[in-house]
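Trainee: Please take these sequences and the hints and turn them into a complete structure.
Counted from 1, the sequence shown has number 229 at position 230 by numbering that gives the first Met the number 0; the numbering is strictly sequential.
Pairs of lysine to any residue, SDA-like flavour, derived with a Cα cap of 20 Å:
no., residue 1, residue 2
1, Lys116, Ile45
2, Lys66, Leu238
3, Lys66, Asp184
4, Lys130, Gly154
5, Lys130, Gly156
6, Lys116, Phe132
7, Lys187, Trp76
8, Lys233, Leu68
9, Lys67, Tyr230
10, Lys66, Leu181
11, Lys138, Tyr30
Worth flagging that the hints you see were computed from the coordinates, not collected in a lab.
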Amino acid sequence: MKFKEKLANTLGVILIFLFLAIVSLLIENSYEKSVVQNNLMWISPIFFGVTLGLIVFSGVWSFKDVKKLFRVKKHVWLILILIFLLGTYLRVFVAPHTHRLYYDEDIYLNIGQNIAKEGRAILCNYGTREKCFEGIYNKQPNGYPFLMSFLFLLGFGESEAHYVTALLSSFTILLVFMIAYLLFDDWKVGIFSALYFSLIPVSIRWAPTTSAGSVSVLFMSFAFFSFLSYYKTKKLPLLLLS
Numbered sequence: 000m001k002f003k004e005k006l007a008n009t010l011g012v013i014l015i016f017l018f019l020a021i022v023s024l025l026i027e028n029s030y031e032k033s034v035v036q037n038n039l040m041w042i043s044p045i046f047f048g049v050t051l052g053l054i055v056f057s058g059v060w061s062f063k064d065v066k067k068l069f070r071v072k073k074h075v076w077l078i079l080i081l082i083f084l085l086g087t088y089l090r091v092f093v094a095p096h097t098h099r100l101y102y103d104e105d106i107y108l109n110i111g112q113n114i115a116k117e118g119r120a121i122l123c124n125y126g127t128r129e130k131c132f133e134g135i136y137n138k139q140p141n142g143y144p145f146l147m148s149f150l151f152l153l154g155f156g157e158s159e160a161h162y163v164t165a166l167l168s169s170f171t172i173l174l175v176f177m178i179a180y181l182l183f184d185d186w187k188v189g190i191f192s193a194l195y196f197s198l199i200p201v202s203i204r205w206a207p208t209t210s211a212g213s214v215s216v217l218f219m220s221f222a223f224f225s226f227l228s229y230y231k232t233k234k235l236p237l238l239l240l241s
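Mentor: Given below as structure tokens:
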């Protein structure tokens, strides 16, 4: 019976992905490329907003289930906090706040600015700080620009984006501990994994840039952590979170 249930669930997931793929192909073939891209400028910020809302909702809903997975002593959390603070200090205050991808990083911030000002995920080719008159839909996903749009909504700019990106990157240290602990059921493995990640030079150097890489690592780690948590508990809130 369990095998049949697993098979049915797997087939269900496959059918959903096939359905979405067919719908995407129909939309792509039914409309001109410019029309699709113009619609995506408006739709993608809404999509990311809904996704972020679901992450927050499912995260709060599943908090008690996640808490039960980590039965470790207080001194372990204290060590982890110290490692997190060390990694945060290196990323936020030691590594230089500079661009390493040059055009790409400016593009991400510009799209975030336009999401905040106009609600459009658009790379502006001609415009002002308040209005974009001509632009294009950028080929990269707009998840990172969407997060940066909150900074522009609050009146902040490029300098603050470096700090926020570095801080977000630092939270990956906590996720590395949690992933390692769930995989090996050993807090020592989790602590050494977190310490190792906090001191990786490449991670430290790229954290205070405004490229999407560091934040992408954060969300990929979060997705893997959510999956492992669901695998351990089989709870619906964690399935939604993952």
